[in-house]
Structures are given as C-alpha cells and as structure tokens.
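Chemist: Chains A and B supply the protein sequences, listed in that same order.
Going by this note's numbering, the first sequence opens with residue 134, and the numbers climb by one from there.
Going by this note's numbering, the second sequence opens with residue 248, and the numbers climb by one from there.
Derived by calculation from the structure, the hints in this document are not laboratory data.
Don't be surprised by glycine CBs; every beta carbon is placed ideally from N, CA and C.
Treat the hints with care, since some could be wrong.
[As the list claims (entries may be wrong)] The calculated lysine to any residue pairs, modelled on SDA-like cross-linking and capped at a C-alpha distance of 25 Å, are:
(1) A:170 with B:287
(2) A:170 with B:301
(3) B:318 with B:330
(4) B:250 with A:160
(5) B:265 with B:249
(6) A:170 with B:353
[As the list claims (entries may be wrong)] Computed, partial: chain B to chain A, Cβ under 7 Å:
(7) 308
(8) 311
(9) 358
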Amino acid sequence: QQPVQSPQAVILREGEDAVINCSSSKALYSVHWYRQKHGEAPVFLMILLKGGEQKGHDKISASFNEKKQQSSLYLTASQLSYSGTYFCGTDGGSNYKLTFGKGTLLTVNP
Amino acid sequence: DVKVTQSSRYLVKRTGEKVFLECVQDMDHENMFWYRQDPGLGLRLIYFSYDVKMKEKGDIPEGYSVSREKKERFSLILESASTNQTSMYLCASRPETELTPYSNQPQHFGDGTRLSIL
Chain A
134 QQPVQSPQAV
144 ILREGEDAVI
154 NCSSSKALYS
164 VHWYRQKHGE
174 APVFLMILLK
184 GGEQKGHDKI
194 SASFNEKKQQ
204 SSLYLTASQL
214 SYSGTYFCGT
224 DGGSNYKLTF
234 GKGTLLTVNP
Chain B
248 DVKVTQSSRY
258 LVKRTGEKVF
268 LECVQDMDHE
278 NMFWYRQDPG
288 LGLRLIYFSY
298 DVKMKEKGDI
308 PEGYSVSREK
318 KERFSLILES
328 ASTNQTSMYL
338 CASRPETELT
348 PYSNQPQHFG
358 DGTRLSIL
C-alpha cells in the first residue's frame, strides 16, 4: 500500500521553509527520500532508519517517527534549485522493496 | 559515480508488439528494479531482481516479464503491448544490503524511457 504524502503541491518564494510529510498504515523499517526534476531521474536525498533518527543534508533534513509510522522532510531557506517532485519510499521489511508515495510537487519562485 | 543507462529515452510502438526495454548499470550492483511512473500515481514497482536469473514480482507485474541473464543488465519485456502501458519507465539499481531486515542502501535511477503505444 502506497504511503500518503502531503501536501500534494506547494509553492514557495525563495528563502521560505517547507515541510513534506509521508505517512504509512504499515510498520516501517526505513524511509527513503528522493527528488526528481522535470525530465530527469529521481536523485537520492537521504535514508531514515528505524530508530527515530533525524538526518541533515545542507538545508534539507528529515525525521522518522516509527511509532507514528511517518516521516517528514524539512526544507529551510529554500533555493530555486529545490524545485522538483519529492518522493518518499517506505520499506515495511519485505524483501527490501520500496513503496513510493505519489509525490509532492515543490515550486520555488524568485 | 553510479551510472544506470536505459537504452532509449523515447520509444513508440504499436499495439500487440513485443517490446523490450533495456537497462545497464556499471557498478556491479546485485539488485535491479523496474518502475513505471504515471502522473498522479508516483512510482510503482513492476519487477525486481536480487541476483542474476532471480526475479520477483512487484506491485503491478501483469502484462510484463523480465530477464536478467547478466549482472549488469536487466530487461523489461512487454509481451503484447497495449495502450494502457503507455508510460514513463524507470530502471534502478542498488548494491546488496547488509544483513538487516530493511533497505539501507539508496537506489540509483536511470533517466527513464518514455514509451508510447499506439
């Protein structure tokens, strides 16, 4: 079952912050985050493993709450280059498969 | 850098044709995946392979088959193409994970093949 991402789309001005959420109805072992720019391949951002750790990647960070079966991606002081579709992929512990959400379209305007 | 190469960026075929989509990776990864991407539906797993000649069905395998005769190459086959298989197809690879119950390695994606079935 696909995880649910929210919001479906968000528009920001450069410098603003955004949060993208990913929720699952199943127990999770890990959550992966990817960004895809139009016409390009999805690019890996980070993996959150069971244990509730938070990770950072420049001004992009993420958290994983295994009890709530959800993860959040935080984008601070957004840049034009952050524009794209963000996907979360969840692993429920079955054969290392990832199940991806439908994506969140992020648009950063000058 | 990991390189995942899909043989075609754009492909147009006719209904009923047998269609082959090819994917090659250059990093000796054990795991390879085929997804289709449709607007509003995200990425959906068709098949994956965890080793040469080994394959498992994903979430939407109907109408597709796969072949992995060599470690670096993973082929997706549309046995008899239909118009509802018009889509973007993405291949990905990943190194074998450590002995954990969850995936702790990232997947590396190719640029995709936009397939149109007329």
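Chemist: Which hint numbers doesn't this structure obey?
Modeler: Hints 2, 3, 4, 5, 7, 8 are the ones this structure does not satisfy, whereas the remaining hints hold.
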